[in-house]
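**Student:** As they're listed, the protein sequences go chains A and B.
To convert, note that position 134 of the first sequence is 133 in numbering that gives the first Met the number 0; the numbers rise steadily by one, no gaps.
To convert, note that position 197 of the second sequence is 196 in numbering that gives the first Met the number 0; the numbers rise steadily by one, no gaps.
Just so you know, these hints were derived from the structure itself, not from any lab.
Since this is a predicted model, take the numbers as computed values, not measurements.
Which stretches of chain A does chain B cover? Using the computed rule of at least three CB atoms under 8 angstroms from a CB of chain B, they are:
{"#": "1", "region": "285–296"}
{"#": "2", "region": "309–323"}
{"#": "3", "region": "344–356"}
Each residue gets a CB set at the ideal place from its N, CA and C atoms; glycine is no exception.
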Amino acid sequence: MWISKIKLWKTATFRVSVFFSLAITAVTAVVLVFVYWQVVKRDTAHQNRVLAEEVARGVNQTLPQLTREVDLRITRDLRAIDYAALFDSGGKLLSGNVDALPAALPIDGETHTIGLISRSNIRRETVSVLVVARRRQDGSVLLLGRNLSEVYAFRQIVLEALALGVVPSLLLAFIVGTIFSLRATKRLKAINRKIISIMQGNLTERLPTHGLNDDLDHVGRAVNLMLDEIVRLLDQIKSVGDNIAHDLRSPLAVMRIGLERALDNGSSDDLRSSAEKALGTLDRVMTTVAALLRISDIEYGRRTSGFKTIDLVEVCANAFDLYQPLADAKRIVFTLIAPEPLQVHGDFDLLVEAVANLIDNAIKFTPAGGFVEVAAKSESGKPVVRISDSGPGVASQERGAIFKRRYRSDATRHLPGIGLGLHMASTIAQLHGFDLCVADCREGAAFEMSLRDAA
Amino acid sequence: MLDIPNDNNNKPLLLVEDEADMAREIENELRSLGYCVEIATTEEEGLHAARVCSPALLIVDRMLSGSDSLSMVEALREEGIRSPVLFVSGLAAVDERIRGLKAGGDDYLTKPFAMGELAARVEALLRRSNEAPATLLRVGPLEIDLIARSARRGDRTLDLLPTEFKLLEYFMRYSGQTITRKMVLEDLWHYRSLPQTNLVDVHVGNLRRKMDVGGQPSLIRSVRGVGFMLDVDLEN
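Let the sequences and hints guide you as you build the complete structure.
**Tutor:** See below:
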């Protein structure tokens, strides 16, 4: 299983934390190097200038004065970094701490870096020294110098600081990365366990969230919502199947009994009438199943590819036209009120079906001599279709239930129908973003289909 | 129902259906009506047969051993084969009908259906394919003018409501053929599911009352269990 194969250093958290630590370390090092470089540059320039000035001043002094100055300079140099010497014109040392004029040193009053024996008493080794020499008017040479060990010491300090800083910060990065990725891995492992459990069919399981509002929590919550939706859809599919099975079972049972009895009786007239009856039942079952499938298709399929701009008034006129003779036959006053075109986006045929179902109901439940009115108009900018009648009306406690499938009111149970008309109309309305509801009405029932406010 | 179609009986009907039982039932029904039927069970067979026998009409199952037959019809249309196509399908979804008609189908019948319904659709499609649009229709003693919106039976002018006129025109276009209730609802009112009420019968009843006055024989007769037929031969 892939859970166990999560390796610490392969986790994203670990990599990210190590990467960031490395980046911070690198930036720190760059800053230190820059500071070091700047300091060294300025320090050396300062030393150069001071030495050149001192030697320039020295050459103008008298010899005894200069000798004293040189001696004083050496005496005062407690750090043993200063070089000072006075040579006669033949190059012989008159006074000072440099044994002989270095051959490599040009006597030009400019500073040069050359190797000289260290003045330190502990280690006598050649060190880099900044030296300047200048010839006096009498031919003698004044030499001044300064050991660069201070600069090197500073470099040493910077390097040590770098080492001291970088190594622990790398270590810290590793530790922090480990801790974070361990935590992340723990959560991921928990999530993986849940996912595998869900994959094995435990659809009630949900991914753990920690209320941290971090990215993992966000993903977890999104996945949980998705699972809720999947469960809802599965339930719906199951209920569609259950509905169909339920609606098939009893008519099929009735058909079976009828055919069996006819076969037993043997009379060909019986057989014929039973077969005809069975055919009628079968047709009704087929109609019901087709209607149920259509409803669930419209309800859950959300198919809107056939939608175009259509006139709701035309839809109503079409359905009105279709039902006119039926209303006439019942001596029902049947009116259509549609003052102006109502453009909506939808499927013409489906909307005809919805309106026709509502009209069908209205005519069915309205007693002879009553009235049914179909109105399609714009109310406060929204298209509304209202079908009102003078039938028994809808009791207030039944108003929610009538849109459910196969609901037959006690008052109308004796009338023919498969009890899917209102459910179908409501489903089609929903698909088009319309709400179908029972409106208040002075007498009888009024169904109102109005465009839902845009959310 | 047993009258043999006159002008198409030399050309066969091509049935593309992979379910053997369904294919046999449809074949029996169509043969009993006097049609010559070729059967193909796969898309390839269907394509081949359509190219070879130039059928008068194709009856195509939407799902052929798991695959969609829309592409087959599209291919036929691209090759210029214009024979009408009637889809029969277990796919009842709202969009499927539209997709089927877009792909080049001419009618769409959802399973399960009554054989009478299928036969009526086949007849209507065959008739439609060789019919020229006219503004004046004449069938037996009936005559309607589609521009003046007037109708006559013999010398008598029929005073028809727009709906009744529409219905009469429909019957005259398909005279001598069985018209199912479903066809009337779909073609005249865009109504695609069968209501429980006897709507079509009421419409036809009203039309009959206006057409047949004073003991005149009814020109529209009922076809039991299926629908109606405009039959002018009755008068002679």
